[in-house]
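Residue numbers (this note's numbering), protein chains in the order written: chain A, 1 to 162; chain B, 163 to 333.
The calculated lysine to any residue pairs, modelled on SDA-like cross-linking and capped at a C-alpha distance of 25 Å, are:
1) A:Lys120 / B:Leu271
2) A:Lys120 / B:His198
3) B:Lys227 / A:Met16
4) A:Lys120 / A:Gln135
5) A:Lys120 / B:Gly280
6) B:Lys227 / B:Ser263
7) A:Lys120 / B:Ser276
8) B:Lys227 / B:Ser332
9) B:Lys273 / A:Pro113
10) B:Lys273 / A:Thr63
11) B:Lys273 / A:Asp62
12) A:Lys120 / B:Thr281
13) A:Lys120 / B:Pro278
14) A:Lys120 / B:Glu211
15) B:Lys273 / A:Asn64
16) B:Lys227 / B:Thr303
17) A:Lys120 / B:Val277
18) A:Lys120 / B:Arg282
19) A:Lys120 / B:Gly200
20) B:Lys273 / A:Pro109
21) A:Lys120 / B:Ile201
22) A:Lys120 / B:Gly275
23) B:Lys227 / B:Phe289
24) A:Lys120 / B:Ala268
25) B:Lys227 / B:Glu211
26) A:Lys120 / B:Asp202
27) B:Lys273 / A:Val111
28) A:Lys120 / B:Gln208
29) A:Lys120 / B:Tyr283
Since the hints were made in silico from the structure, they are not lab data.
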Amino acid sequence: MKRERSVASTPTRSPMEAWQAIAGLVESTVTASPHITSAAVEHALEQARPAALALVAGGHTDTNPLTVVSGKVFCEIRTVSGDRALDLDENLNGVPGAAEADGFVLHLPPVEPHDDLVRKACRSSYHLSAEPADQATTETASRHSAEPVIDLSALERARDRR
Amino acid sequence: MSTVSTRTHNATTTRTHTATHLTGIVMGSLVDILSHLGIDASNLLQRWETDERAIATWIEERSLKAVILECHRPNGTVHPVIEFRLTYTRDGPQTAEFTASRARLARYLDKLGSVPRGTRYALFCTFHRQCTPQPGWSPGTRQSTGDMRSTSFGTLGRAPDARAGMRHYSR
Numbered sequence: 001m002k003r004e005r006s007v008a009s010t011p012t013r014s015p016m017e018a019w020q021a022i023a024g025l026v027e028s029t030v031t032a033s034p035h036i037t038s039a040a041v042e043h044a045l046e047q048a049r050p051a052a053l054a055l056v057a058g059g060h061t062d063t064n065p066l067t068v069v070s071g072k073v074f075c076e077i078r079t080v081s082g083d084r085a086l087d088l089d090e091n092l093n094g095v096p097g098a099a100e101a102d103g104f105v106l107h108l109p110p111v112e113p114h115d116d117l118v119r120k121a122c123r124s125s126y127h128l129s130a131e132p133a134d135q136a137t138t139e140t141a142s143r144h145s146a147e148p149v150i151d152l153s154a155l156e157r158a159r160d161r162r
Numbered sequence: 163m164s165t166v167s168t169r170t171h172n173a174t175t176t177r178t179h180t181a182t183h184l185t186g187i188v189m190g191s192l193v194d195i196l197s198h199l200g201i202d203a204s205n206l207l208q209r210w211e212t213d214e215r216a217i218a219t220w221i222e223e224r225s226l227k228a229v230i231l232e233c234h235r236p237n238g239t240v241h242p243v244i245e246f247r248l249t250y251t252r253d254g255p256q257t258a259e260f261t262a263s264r265a266r267l268a269r270y271l272d273k274l275g276s277v278p279r280g281t282r283y284a285l286f287c288t289f290h291r292q293c294t295p296q297p298g299w300s301p302g303t304r305q306s307t308g309d310m311r312s313t314s315f316g317t318l319g320r321a322p323d324a325r326a327g328m329r330h331y332s333r
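Turn these sequences into a full structure, and let the hints steer you where they fit.
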């Protein structure tokens, strides 16, 4: 299920403060899983910081979200600038659904003029991607994670043929 | 007495918001321009917090006149020069808006020519009056633009008590 979160940027927060709020939201979401360490998340976020800061400061993330994918979590994070930022009702609590995740990816939008900057940042970490986040893949992976690994019906058919 | 305190608090809150808003617009425009021109912006992004704090402080105290981006070419010439000018007004009404003209900047970028590989940038600030010293910033001398062609691109961002405009200088 796709979720959306909005983070107030200027004039409520500076671009740096807005990025720090986004990073905190990502970290609290994915570290719900015991398989994902804070160190891994912090490293990925540090690699993302320059590109993400450029996107936030230019207002690009008002319309082009960052997307965090982890376990059952598919969450688009947008910034809100201008007057709307002053009265924004935020929810910066971790997004539920990553408790059983074994990994995470933060998708950064490769929008002009920062496409090169974004792609360079994404090459520095397996947890960053400049590709569009695929919700269908996330939902399929979530469904498959609930299915048994062994196809019991196939085993029974094989047993019956002997 | 309480009414005066409330007005003072609101004026302070608006000036802080104005500083945050216009600093974000100026710095966001700076990094957009550098990325568009293919000029390495890694130093700006690395020291972002320092510069953000400095510019916001100067806008809030109303000392900042302009933030100037100079493009230094490998052959020694300097152009374009882009100037972000701050204009301050009396504290505006509480209904005044915080706006940003991202579309205007996008149109400017469409018209902005390229620069040679190896072009580097320099950043300057000019002031109306004595400013509060900020870490990471020291006295310097900006390029003269007297013999350059100047074009105004209008207002990039507005706040209740100030606005930021952009002017482009080229040869």
